[in-house]
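Respectively, the protein sequence lines represent chains Z and C. The first sequence runs contiguously to residue 90 in the working numbering. The second sequence runs contiguously to residue 1273 in the working numbering.
FYI, nobody ran anything at the bench for these hints, they're computed from the structure. These figures come from a predicted structure and were not determined experimentally. Yeah, the Cβ is synthetic: ideal placement off N, Cα and C, and Gly gets one too. Any given hint could be a false lead.
[What the hints assert, rightly or not] Per label pair, the in silico range of CB-to-CB distance:
hint, chain 1, residue 1, chain 2, residue 2, range
1, Z, D11, C, Y1182, 47 to 57 Å
2, Z, T10, C, R1086, 48 to 58 Å
3, Z, M26, C, Y1182, 31 to 41 Å
4, Z, Q49, C, A1089, 32 to 42 Å
5, C, S1261, Z, R65, 31 to 41 Å
6, Z, P79, C, A1089, 57 to 67 Å
[To be verified] Chain C regions said to be covered by chain Z (calculated; three or more residues, Cβ under 8 Å):
hint, stretch
7, 1199-1211
8, 1226-1233
9, 1251-1260
Residue strings, one per chain:
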Amino acid sequence: MSMFASRGQTDERRRADQLAAALSGMGVPCKVEPRAALAVLMVESGVAQRLADGELRRAALALAREQGFTHLAVELAPPAAGADAPLPRP
Amino acid sequence: MPAHRLDALRSIVAAYPSALVGYSGGVDSALLAVVLRQALRRERMVAAIGRSASYPAEQYRVARQVAEQFDVPVLELDTDEMNDPRYAANPANRCYFCKSELWGKLVPVAASRDFHTVVDGTNADDVGGHRPGMQAAREHAVASPLAEVGLTKEEIRRRSRALGLPTWQQPASPCLSSRLPYGTSVTPERLGLVERAERAVRDLGVTGDMRVRYHDDVARVELAPAELTSWLEPVRAESLRAAVSAAGFPRVAIDLRGFRSGSLNVLHGVTPA
């Protein structure tokens, strides 16, 4: 039982890595966290905005489907610490 | 759109000696309750609301508003599906257990108060989809006059608008449990988390179809395709993340396909992608 579960997880991880590589190749550098049929993209600040482009988004969804993911979501990362801190005065 | 479907509905319900309608304040049951009220004297009909943790508070507010506006008498009772382990385990046929509880309470109430017919707001689009709740309705001999006359969701919205119902453009709002993937147990805490998160998103100005789907620590926000693009813009994305996070989700993600009715059915292979 656990062997099958482990095999399934390995396959899920492999598909997630392939999706991440494909997305990076089209300008969306990311890590992919697989959750069964859902793939969650973890991206650096500013990358999520690129997916506002409809053509790019459709291509990403197609790649996800090719890897067996029915759902694709991009995580909204909190702002980096200090990102909005006041600039030091000279 | 043929006008005769609404006329047909009026003919059907006018022939009821009396009726109890299962009423949520959603688009479908609101129209049915109003048509029933227009066709029957006040004492011959009642709109019955089953209240539980899975019933959104905002939906309840709308239900009361419509009832008041159209002089629809309302009966409220609490349902207890959360304490049914078959429901709480959240299987793919969860809705069957919920509706069994609802009709198991409403049908005897109708009988005890001499309401001859019990009806629900199932519409023509619902027939044939993955709707295990419809089986429970059949088992309790609940009639579905909207479906019977072939009224679709789109037609119901148009007819609702013509009749002045505020629900005509209300997004579909199924019970909160539909935000939890099958197999993820249904608890009042999880439903409360989802409800707070959805209210937070609405407070940001999102008006179209929207769901916050629960994936343990991750909230997956589905937005209407027309609104999706703008919420990926950095400032708005951060306001969305902050709002949902403040509601209690540690992580927030936007679904890149956008809102899909029955999205979690697709996720679990219950319905095709």
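Each hint, compared with the structure:
no., hint, verdict
1, Z:D11 <-> C:Y1182: 47 to 57 Å, "21 Å, violated"
2, Z:T10 <-> C:R1086: 48 to 58 Å, "34 Å, violated"
3, Z:M26 <-> C:Y1182: 31 to 41 Å, "33 Å, holds"
4, Z:Q49 <-> C:A1089: 32 to 42 Å, "40 Å, holds"
5, C:S1261 <-> Z:R65: 31 to 41 Å, "19 Å, violated"
6, Z:P79 <-> C:A1089: 57 to 67 Å, "39 Å, violated"
7, 1199-1211, "violated (count 0)"
8, 1226-1233, "holds (count 4)"
9, 1251-1260, "holds (count 7)"
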